[in-house]
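Chemist: In case you want the letters, here they are:
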Amino acid sequence: MGNLRSVHQALRTVAPDASITVTGDPQQVAQATRVVFPGQGAMPDCMRELDARGLRSAVLEAAHNKPFLGICIGLQMLFEHSAEGDIPGLGVLPGKVVRFASNLRDAQGHKLKVPHMGWNEVHHAVHPLWQDIPQDARFYFVHSYYVQPQDEQLVQATSCYPLPFVCAVARDNLFAVQFHPEKSQSAGLALLRNFVNWKPD
Amino acid sequence: MLAKRIIPCLDVTAGRVVKGVSFVELRDAGDPVEIARRYDEQGADELTFLDITASSDDRGIIFRIIEQVAEQVFIPLTVGGGVRQVEDVRNLLNAGADKVSINTSAVLNPQLVADAAGRYGSQCIVVAIDAKQAGPGRWEVFTHGGRRATGMDAVEWAQKMQTLGAGEILLTSMDRDGQKTGFDLALTRAVTDALEIPVIASGGVGNLQHLVDGVKLGGADAVLAASIFHYGEYTVRQAKQYMAQQGIEVRL
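From first to last, the protein sequence lines are chains A and B. For the first sequence, the working numbering begins at 1099 and goes up steadily by one. For the second sequence, the working numbering begins at 30 and goes up steadily by one.
A portion of the hints provided could be inaccurate.
[To be verified] Within a straight-line C-alpha distance of at most 20 Å, the following computed EDC-like cross-link-like pairs (lysine to aspartate or glutamate) qualify: (1) B/K245 <-> A/D1204; (2) B/K245 <-> B/E225; (3) A/K1194 <-> A/D1204; (4) B/K209 <-> B/E225; (5) B/K161 <-> B/E96; (6) A/K1194 <-> B/E278; (7) A/K1194 <-> B/E262; (8) A/K1194 <-> A/E1178; (9) A/K1164 <-> A/D1270; (10) A/K1194 <-> A/D1115; (11) A/K1194 <-> A/D1184; (12) A/K1194 <-> B/D222; (13) A/K1194 <-> A/E1250; (14) A/K1209 <-> B/E262; (15) B/K209 <-> B/D144.
Everything labelled a hint here was simulated from the structure, so no lab data went into it. Keep in mind that this is a model prediction, so the values were computed, not measured.
All chains, full assembly: derive it from the sequences and hints.
Modeler: Written out as structure tokens, the structure reads:
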């Protein structure tokens, strides 16, 4: 999941007139008006790739200054530390990334699998990116780790597996989600459409 | 809470969706892109495409199909069939697949699963297991579309695949495939209880109660079916409504 082509395709659908580029070039990130930061696979690999391509400062700059959407590992990388590989993240947001416990059970006592994979309900706060998205709409998730922000004010949405966990955060020009809007059918496309139209103060 | 997934499966050959009985006797079911769109509209949670093309000449067709589907359908797409090397995984992901399913090649070369998961992440690696009952509480893994026995135990094999980095197991009962008598629930239960990763039950769905049983009795995280949807017996939405009535959490 986190297939770059899928993100590109979904953005093209919601913004047919926009110029959308899949890039690993810091220059292009610097020149973009909006940045989507998807991540796939394991966070240590993503962090290594980011530095190998010299993207760290361009991403940090974008995360502080222009409409920025993190997706999946792209959310997790924004935090200070991840239990996956016990590594530091970009430290844009205070908090850490932890793994779902093993041997989780639902209310009926059935085993809950990790990764948390499939469509789960998203309980969201009020933010321009949730416009036209019903409360508790389902989005597609696939992940074994989740974020624990230090600052409650960052939290934009939670989901349950079986306990509540944070699945969206926002601060100023930045928004980031654990689920995959590009694979979440109409609700996901609505969120991406809201992002491409978003004008943060 | 997390919904149980319903996954229509499209067996594709020569650009058409087909369906056989116990892996033989293929019957035409229509155009894959059109069918994919219809299932998406009906609320399918994911789609799985299995390229069952025998000749390597036609291998390019599946890429064009996936590209077209990915332009119009924004739910996870899994593609399997003929995946032999990491490059095949890359090509399918580039065509628009979100997950790639590996079956025979995982048996011939288990390292492929580790390499592909290492490169692209476990989340996009599905290992498909075709299993056939070999005795009470024992199932054997078969490869090559069910034609070749391996002598391996299905539960142990599934555990090994989890260890090597599979993100999910697509478990097909060869005894039940195309028979419409329901999933092999004992097989499903044995595999899902032995694993931490999700298991998709496959093979044998003939009515909506079978889907319910797969989840409730088999313990499956997702259920896969083909013919009950292809030939218009039920829509995906009817299947989900029925499951919801039986107390199963689904995305409606």
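Chemist: Now look at each hint and say whether the structure bears it out.
Modeler: Against the structure, the hints come out as follows:
1. B/K245 <-> A/D1204: Given pair B/K245, A/D1204 holds - Cα atoms ~13 Å apart, limit 20 Å.
2. B/K245 <-> B/E225: holds (17 Å)
3. A/K1194 <-> A/D1204: violated (25 Å)
4. B/K209 <-> B/E225: Violated, at about 28 Å.
5. B/K161 <-> B/E96: violated (34 Å)
6. A/K1194 <-> B/E278: violated (30 Å)
7. A/K1194 <-> B/E262: Violated: A/K1194 and B/E262 sit about 49 Å apart, past 20 Å.
8. A/K1194 <-> A/E1178: holds (6 Å)
9. A/K1164 <-> A/D1270: holds (9 Å)
10. A/K1194 <-> A/D1115: Measuring from Cα to Cα gives roughly 37 Å; hence the hint is violated.
11. A/K1194 <-> A/D1184: At roughly 10 Å apart (the allowed maximum being 20 Å), A/D1184 and A/K1194 satisfy the hint.
12. A/K1194 <-> B/D222: Distance of about 31 Å is beyond 20 Å: violated.
13. A/K1194 <-> A/E1250: The given pair, whose Cα atoms are some 13 Å apart, holds under the 20 Å limit.
14. A/K1209 <-> B/E262: It is violated: about 32 Å lies between the C-alpha atoms, which goes past 20 Å.
15. B/K209 <-> B/D144: Violated, because 36 Å separates the two Cα atoms, which is more than 20 Å.
Checked against the numbered hints listed earlier, the structure breaks hints 3, 4, 5, 6, 7, 10, 12, 14, 15; every other hint is satisfied.
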